[in-house]
Structures are given as C-alpha cells and as structure tokens.
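Assemble the dimeric complex from its two separately framed chains, guided by the hints.
Next come the chains, spelled out residue by residue.
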Amino acid sequence: MNSGVRPVAIEWLSEFYHYRELFYFLVWRDVKIRYKQTLLGASWAIIQPFSMMVVFSLLFGRMAKMDSEGVPYPVFSYAAMVPWTYFQYSFPLAGNSLISNSRLISKVYFPRAIIPAASALSGAVDFFIAAVILLGVMLYYHVPISASLLLWPVLLLPLILFTTALGMFFASLNVKFRDIKYTIPFLVQVMMFISPVIYPASKLPAKYQMILRLNPMVGIIDAFRAAALPTRTIDWASLGIAIVVTLVLFAASSVYFYKTEREFADII
Amino acid sequence: MTERAIHIEHLTKQYIIGAMRHETMLREALLNAFTMRSHKREQETLLALNDLSFDVNVGEVVGIIGRNGAGKSTLLKVLSRITYPTSGRIRVRGRVASLIEVGTGFHDELTGRENIFLNGSILGMRKREIDQRIDQIIDFAGVEKFVDTPIKRYSSGMRLRLGFAVAAHMDPDVLFVDEVLAVGDADFQKKCLNAMDELRSGGRTVLFVSHNMAAIENLCPRTIWIDAGRLRMDGATDKVIASYLATFSESQRSGYDLSQVPNRGGNGVMRFTRVDFLDRDGQPTSVFRSGEPFRARFHYQVNERVRDPHFGMIIFSDMGTRVTTVSSWHANYYVSNVEPGQGSIDLAIDDLFLQPNRYFLSLFIHSTGQQYDMLDHCIAIDVEDSNAYDNQGRGLHARWGLVYMPSRWSLVENVDERAGS
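Chains A and B supply the protein sequences, listed in that same order.
Residue numbers in the first sequence follow numbering that gives the first Met the number 0, run continuously in steps of one, and reach 267 at the last position.
Residue numbers in the second sequence follow numbering that gives the first Met the number 0, run continuously in steps of one, and reach 420 at the last position.
The hints are simulated quantities; they were obtained by calculation from the structure and are not laboratory data.
Virtual Cβ for every residue (Gly too), placed ideally from N, Cα, C.
Some clues are possibly wrong.
Listed next, with one range per pair, are the computed distances between beta-carbon atoms [as the list claims (entries may be wrong)]:
(1) His396/B with Ser13/A: 52 to 62 Å
(2) Leu244/B with Arg102/A: 28 to 38 Å
(3) Ala235/B with Leu156/A: 35 to 45 Å
(4) Leu46/B with Pro204/A: 50 to 60 Å
Cross-link-like lysine-lysine pairs, in silico, DSS-like; alpha carbons within 27 Å at most [to be verified]:
(5) Lys144/B with Lys35/A
(6) Lys258/A with Lys31/A
(7) Lys31/A with Lys189/B
(8) Lys31/A with Lys238/B
(9) Lys189/B with Lys238/B
Excised from the complex, chain B in its bound form (with noise of 0.2 Å):
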C-alpha cells in the first residue's frame, strides 16, 4: 500500500483584504473604542483556496499549475505552516522543507559563508548538516573565490545561486517549491532542474509551483490545476496542461471583451474594456505574423482622474517564459491627465519579431506607486510563419527559439591556410 505523505482536506483560506491594503493606526482603534463607534471599514474577503481537497502519495512529485491569483501560492504558504488556514485540515508525513524564496534572509553585511549558515538554518537545516555539506554547497553555487566577501558585493546571479545552493542541499521528505525557477540564467535553470530531478529519484515528495510548463512537464508526472481557490482539474500532467491551455482561447479572434475579466489585480481606478486588433489598414483582423506589424487599440474606462498613467503589454511564451514587456513608459510616452469616462490608445510594434507559436498576453495600467488595472495571460495569440526574409530565407519555426531576428550575413575573408605555410 502507497503512503501519504500529504492530506488535505476542505482546506480554506479567507483573506480580509482591508487587513492587508491599510495600516492599521492604534490612534484609530482607540478612537473608535472611546466614541463606541463601529467605525468599520467594508471588510472586502477573498476566498484564495476554496474548499480543496487533494492527496499525494510519498514519493510523488506534483505541478501546481494556474492563474496568478489562483491560489497556488497560498496553498503553498498554508502547506508550510507560513499562514493558517481558514479552515479545513492539513496532514504532511516528515520533515518538510519549503522554498518559497531563494536566499531568504541574507544579509548584505555578512559573507557568503556565514549566509550559507544563516539561510540554511532558516530553511530548517542543522548545523551539523550544514558543516557536513558547506564544500558542495559552495561548489554548487560556483562561488569558491568569494565565500569570505560581503555578499553586498555579489552580483544578484550569484546570490540566486548561492540561494539555490543552500535550497538543493537540504534533505527533507516533503519538498514545497514556489517558482524559484522563473529566475536566472539558462544554464543554472538546467542546474536546478536537474537538482529537483536528483530529488524526485531520490524518492521525495515534491510539489512545485509554477508557470514554467516546460518544467512542470520534464519533472512532473502528475499535476494539479488550480482555479480560483478550487481545483480544476488533477491528472497527468500532459492532459492537464493541455487543458489547462487550452481555456486562453478557444479561437483567434479580432477583438476581446476585457470588461468582465474576473481575478484581475490593480485597484480599479482605470481598467481595460476591450482590445481590438487591427492589420496595416486599420482594419480588425485575427492574424498574427512574424515579422509584420503589429497594431492594438485597447479601450479603457476611467473612474476618477489619473496624472500619467503607464499602459503596457507583456508577451510571454506558451511555456510561460516573459518574452517581453512593451510600455507608453519604455516609449517615454507621456499620457498625461486621463479624465473619468471612456477612452482608447493605440499600440504599434513595427515589427513583430516573434517565432510562429503560441504566445499569451498580460496587459496592465499604472502609474508610479499606483497598479489601476492588470489582466494577466488574458489573450492567447497564435503567431504565425510569415515571408520573413522576403521568401528568401528558409522559414521560421518555434523550435529555433521565441525570437527570430533578421539578420544579414556576409563573408569578409576566407584565407586558405594552406597557401601561406
């Protein structure tokens, strides 16, 4: 018979907004105390996980897949004791490790030696164990020159590492991850994978979050799917996935309704309405090319007067890696004063240099210190193969990457080596 190593049962969480957006003054609670008044703000409640029940088998190694905003992180934070559940119950067999962040608690002030020691503690490593693993620890990071300097002065790729190297060195039976991947570069992404890979063989349970589903597929056989605070769907990963993509569009379309966008972030003051696409003309259209323009007009609705306001798109790939973000703030675009009522800007990419494939779109409004309005992964768009290289190049696929940049090539020299010796 198959153990559990993890049970969860109806599981919980509300969260009081109002509680976590204003600071609350003592001055305030006294005063309402003294004039007996129920002073009370509209106590707004968000259901981030909603009634979920699920377990795993030790030994499992699972994908947590979803929306920002889902829930996914939170499960995670409740898993690992970080925050309590509403209600519901949790049941996790051994000792759990949980890397909700790498390089939690470093200190510019102390080197990387003693961060080692601190973060690794952090994360509920002995000492001993610690002392037993500090030279692959080290090794693993790539930091062997630097382990006695001030991490003040490590560059921010070494410090994830050094993070990492801590996290892939502790020996628990119940791994939690949460996205640490989505940063660093390739090679170290490889690294770690292949650290998480050695865990899973290694016969530990591990759920992992994140948005990366290249990675979810390479190491997770199953996954779960998570929607508003409930679960959509538990299954082997590739159907899950699949499924799971599939709900961004269900077919290409020349404009989008953005008006009814549930699990949308930002604070309303301004929000997006609808989107249209449109060809070279102006005209709406549904079609996406590699290479060729690209032109939007996102409508939005103004609640109150906003000084300045940023607009901007992010592109990600399929596969969850961000491609881009293009922004009236990167464009130095100055928008100015936006007056409560309706409006429309126009986006234009000259060029639309992306690889045929599937690529998924968040939009956001903001301004310094002020989100209005985010949809994230809102609008799947399918970019397709174009007479990129005026059809005399040999065609663009998604395998050669997300990005396809023309280019020209021209020999300068080509000496024979063989007449000169």
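Next comes chain A alone, as it looks inside the complex (with noise of 0.2 Å):
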C-alpha cells in the first residue's frame, strides 16, 4: 500500500490501466453474455430503437406534426434515438453494476470503477448496430448523407463518459442506499423529457436554455442528430458547455467513488 507521494488521481488511475484486462474481459462479458440470453441477440440493438421510432413518428410526425428541422420525422427522431437508447440501456446498467457483481467485490481486489465502467463501455456495441440501422433509414427516405456523420464515433465520447459518470455515482450510492435502484428509471424517464430527443433542441423554451442546457444530454443528443441532417450544422456552443458539464460531472463522480469504494466489500 503506497501512501501518497504521487497524487492520488494518478494512483487511481495507473491502477485503473494495470487491470485494463480485466476491464476489457468485463466489457466482453457483459456484451456476450447480453446477445447468448436473449431470444434475438443482436437484433435486439436495432429493433428497440426502431420501434420507438415507428411509434414517435405516428405520435410526434404525424398526429402532432413537430418540426423536424427540414427532414422526414422518422429521421430526425431516429438520429437522437441511438445515442438516446445508449443512455437509456446503460446508465441503469451501470447504475446496478456494483450491486449485481457483488460477489466480485466481496472476493476479489481490483479497481471498483473497472464496474461500472465496464457496463458503461458495453452498451457502446449495441450504439454501433443501431447506427448503421441509420444509414438505410436515411436512404430510405432520400436524405443526403453527409460526411459529417463520421462525427459520430468521436461524440460518443461524451456520451460514454456522461453516462459512466452518472453510473458511477449512482451504483456507489446503491451500494449504501438499497432503494436507490428505484430512483434509476424514474430518472431516465425524465432525463427523455428534458432531453431533445422527441422534439428539436431550438424548441426549448428561451427562457430556460441556459439552465436546460447544463443537462449535457441536450448539447450531445443535439450534435449527434445535427451531425446526421444535412440541414443541421453542429451547435458547438451548446456541445462546448455539455462537454464542461459532463467533466465535472465525471471529476466529482469519481471523487465520490473514490471515497466510498473502501467500505463497499464490508457493506454489500
């Protein structure tokens, strides 16, 4: 046991990078385990973000007839919907994570974030699938593609890091706080509804964009879908101030995590 000459983050962290197989063995866990258990594996990925599409089109496009910033709904919804149906899968998933592995922790020393990181990271293979399911909508309805589409991959970054930073900070407090788990869909829930998944970003009310914004879901989920639309350009204020928020978000994250994890084996 070091006693701190270097700063504890590095510590953290180079600890973090020597079990980094483990990590990854984690994250494969979790990705095969996922497609063996259920009935149709992989299509699982493309037939949940799809049918919600299919259901926001009828509801949103045509009864409701939002505004879908110049192209068909079903495209405009289905842009959000992937990096959405991320979140929505695995912020719960890792949310549980400590609390679902909870015979690792009591048997085994490695790095706890390695966890909910992994369980983060995972849902990451069911993103790609789903976003190849966008290019043939996008043909499908004669939209342009654009090169701006290879964005994609890099803004899954903030994306990711969002989502394990939220993960992290909720599986800690599941581990002391067993009602916790309740709390997880409720927020998810409301975090659609916040976000500019259904309608677009330009639609939240004036007044309270600034505030609206601090939630890094609505600069990302915005990018992704103006990253896909040749109508759209990136609003890189917006996507400036998410990716602030989600860092602090991930620094204060892993602060918390960082001094919980020494009682979790003696309390889970």
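Structure below.
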C-alpha cells in the first residue's frame, strides 16, 4: 500500500491501467451474455430504437406535427434515438452494476470503478449496430448522407463519459442505499423529456435555455442529430457546455466513488 | 539475509455490525437529515482483527488456524485489499494472488473456455499468460470434452475443478488461500494439495487458511493461530496445532455450560445454555463408545416466541472434516412454537457409528431463513473402542477412517476355474 507520494488521481488511474485486461474482459462478458441470453440477440439493438422511432413518428410526426428540422420525422427521431437508446440502456446497467457484481467485490481485489465503467462501455456495441441502421433509414427517406456523420464515433466519447459519470455515482450510492435502484428508471424517464429526443433542441423554451443546457444530454444529443442531418450544423456552444459539464460531473463522481469504494466490500 | 514477503504491523479491523445487517435506506437517511434527529441505531462494533503483527519471509508457507469468526478470513481479505484495515500497516512484496473462493465470476451462460479467461483475468492473470496455459488448465480440470459447453451444464464438481485449475495456474510471488480445499472429492483434494506443494517448491510465499489440520500439517512448516482477532500462537505447526486442539476440552465431562461461550453466531433469540450427555439409562455420562447409543439433552433459553425451530448438531473429525449433521429438521421432528422461557430437547442416536477418535461438535438452532444460535466446534468428545461385532470382530481404530459400518459377509459361490476348463 503506497502512501501518497504520487497524487491520488494518478495512483488511481495507473491502478486502473494495470487492470485494463480485466476491464476488457468484463466488457466482453457483458456484451457476450446479453447476446447469448436474449432470444433475439443482436437484433435487439436494432428493434428497440427502430420501434421507438415508428411509435414516435406516428405520435409526434403525424399527429402532433412536430417540427423535424427539414427532414422526415423518422430520420429526425432515429438520429437521436441511437444515442438515447445507448444512454437509456447503459445508465441503469452501470448504476446497478456494483450490486449485481457483489460477489466479485467481496471476493477479489481490483479497482472497483472497472465495474460501472465496463457496464457503461458494453452498451456501445449496440450503439454501432443501431447506427448502421440509421444509414438505411436515411437512404429510404432520400436524405443525403453527409460527411459530418463521421463525427459520430467522436461524439460517442462525451456520451460514454457522461453515462459513466452518472453510472459510477449511482452505483456507489446503490451500495449504501438500497432504495436508489428505484430512482434510476424515474431519472431516465425525466431525462428523456428534458433532452431533445422527441423534439428539436431549438424548441426548448428560450427563457430556460441556459439552465436546460446544463443537462449534457441536450448538447450531446443535439450534436448527434446535427451531425447526421444535412439541414443542420452542430451547435458548438451547446456541445461545449455539455462537454464541460460532463467533465465536471465525471471528476465529482470519481472523487465520490474513490471516497466510498473502501467500504464497498464491508457493506455490499 | 532472508527477505520479508509480508509485513503486518498492529493491524486492526473493526466492523460496524449494524451496517452489515441492515440495509440502509436513503429514505431513512433523508428523513433523519430533515428532522435533524440523531436517530442513530445502536452501533455495535466487532473487532475482527485486533492489533495483529507478524512477518512472513519469502518462500515461507504459513498455515493460519483458529475457530470460526476468529478473524482468519478477514485477515486474508485485508491482505488481498478486498477490504481496508481500520488501522495498522501492511506491506506485501511481489505479485499477489488471492484465492478466497474458487471460480469467482464464473458465468453460467459462458463456456468453460470463456470462463477460464474471465476467471483468470479476475484473479489477475494476463491474457497472454492464460493463452499459454489454457491447455494445461483444461487438462488439469479434466473437462476437455465440455470445454466449449456453457458451464450451466456442468456438475458442481466440474465447476469446482475448473475453478481450481485456473487458480493453480496463476504464477504469483505471494499466494493467499482460504479454505478452498474443504470442498471436492478426496481425489481432487489430493490434486489440489499437490498443486500447492509445487507452489511451495517453487519458492513462493503462501498463507493458507484452513480447518483441515491434516492439510496444514502436510503443507505448512509454520502455523499461526488467531483467536478473537489476536495472535494467540506462532510457531512450528505440530506445536501450534496441538495447543489449538487442546483448548477444545481439557477433560471429558458429562455436561457443558454453554451460556457463556463467546464467538457464537445467530441472532440470540434462542440460545443453548447447557448440554448433558446421558447413557442408555438416562444417567449422566462422559464416555462415548463406537456403536453404542448416544444421547444428549440440550437446554435452551428463548427470548421471543419462535415458530418451528430446528435443532441440530454437526460432528467434525479432529482434522476438521464434517462427518455428519443430525438435526430435528432432517428427522422431520416438528417442534411447533416455543414460548419465551427455558426448555430442553433430547437427541437420541441409536448407534454411534464413529471410529474411535476425537470429534468436535457444533450446535445450532435455526428456522427457515433465521439463525438463532450457532456454537462452532464448542465441544470435543473422545469416542472409544467398543465391543462392536459382539466381540467377534477385530476391533476398531481411527486409522480405518471416521465412520464404521457394521457389516456381514457371506460367501455366495467360489468356482474353481481349473475344474471347468
């Protein structure tokens, strides 16, 4: 047990790096098990955002005549549905990950943050499968495919980071307070409505724009959509705010996690 | 000069029992914060390790013994960094591997091969190392045919072998092992002991926690005895084991006061207060003989009304092997309700089919989902030779095993083959 000559953060990261292979295997396990367990396997990654798109297109595109920024509503909504589905799936998985891996925690040592981080990352596979389908949807609706779509893998980074930050924080709270798990689905639902998934970001009430943009999902989802639609350009200010908030959240969540992880094995 | 592999200085670990037993709810925490009530539960603490200090040199194989709850497992968990010490210092040099459980992280849906990689990496092996040793691991486990089958189809024995096979192919400088040999059949146990023996000859440092005194004697020249979180004795294995076993019972008695036994498990709603051993006429006795009746009267104290408690006794050999468990639940004897107060219950075993030897008894009271009392290894009894086989047999002895089974033999046929051909 080295005592603090090197800063704690570097210690923590180097420990994480040392266990990178375990991290890799846990991601691999999560992905593998999901596709083995579900009857539909990988197709689930497509069915979920696709069917949501169909429902939303009927509800909001046809019935509510929602503004879809100059492209058919299905393209508009599916472009946001891909990153949103990732969050909707990965955040609860990461938030419950410590509890569901309690055996590992009480029997073996490794940097605990690996567990929520691996859970958050494993959803990225679904993301890529669903993203390929986006191309198909765009072709079907004759929406030109622009080069800015190449930004999607880059935009995935802040999305994963935000999901991991939130996941780590809730995972740690979850160890101590067992009723936290009931708040996670509720939070996901709220996030859906305060993020521009169904509606365009421009529809956020101007009065509350500044406050609402503090939710990183506003900037991130809007950037994903803007990168996909030829009718839009990325709102860099909004994305910038999202990235800064994400980094701050990630730092705060890491500190909280670091401070609580010592007692995980004793109370889990 | 010999190098130190492990250095432990004034190591103390305190558990807050409340935090382990009750699940904290955010709801309560918030409510307390709002109402500004210091509505703290009585925080019961437990010193699992109490000012423990010792050193282990590179290449030493050290056994750790002690009763259940003495702190052996906590020590390994602290050394393996699973849990953090409350105070004190630890220094472990070299690459550490710790085996608290076999097959940690195994997943039912994954195949044997996939689980080898997963479990290996959980135990701290590099992928490259696993790649190199996978054939040996599969061979050691003896699961060649099923290695690409999901392990949900494995028997419990196969899983165990697979788990140990992975663990046996780690290549650590320092290894912590906790009681993983207590399971599995005799053949496999032997294989595991051999694997550990190889580790020792490879110059590795091993800390080995076990109830299996025979295994400790075989493997460890030095043994540390931990009692109630403190170091009770540290020295040559035979001496430490002898002193340890001697504490169980100084002399044979016909009755034991159990009301003051420390380190007992269970929630205390019911407690054993006393046990008396009786002979076939119901008179107190301190003599137990192979093949003769065994009778015990357990006295207990009840603090709250209890529904359908099960009483039981576990018999262990002097080397820590569980010989058998007898309980009212197994016998399907329904006690119904017991009211607060005192009572007693009789156990009768018609024939005590144990070979002459020293045995340890653990006593428990529980019911579905509840444990009221657990007295681990609380009494030692010496079973003596008897006139089994009505004086016609050749006598019984510990070297023939733990259990004897009265047997009759009769020759059915003995054909002389030379006559027929």
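Hints versus structure:
1. His396/B with Ser13/A: 52 to 62 Å: About 60 Å separates the Cβ atoms of His396/B and Ser13/A, which means 52 to 62 Å holds.
2. Leu244/B with Arg102/A: 28 to 38 Å: holds (34 Å)
3. Ala235/B with Leu156/A: 35 to 45 Å: violated (60 Å)
4. Leu46/B with Pro204/A: 50 to 60 Å: Between Leu46/B and Pro204/A, where Cβ atoms are some 59 Å apart, the hint holds.
5. Lys144/B with Lys35/A: Within the cut-off at roughly 21 Å; holds.
6. Lys258/A with Lys31/A: Roughly 32 Å between the alpha carbons, so the hint for Lys258/A and Lys31/A is violated.
7. Lys31/A with Lys189/B: violated (35 Å)
8. Lys31/A with Lys238/B: violated (52 Å)
9. Lys189/B with Lys238/B: holds (24 Å)
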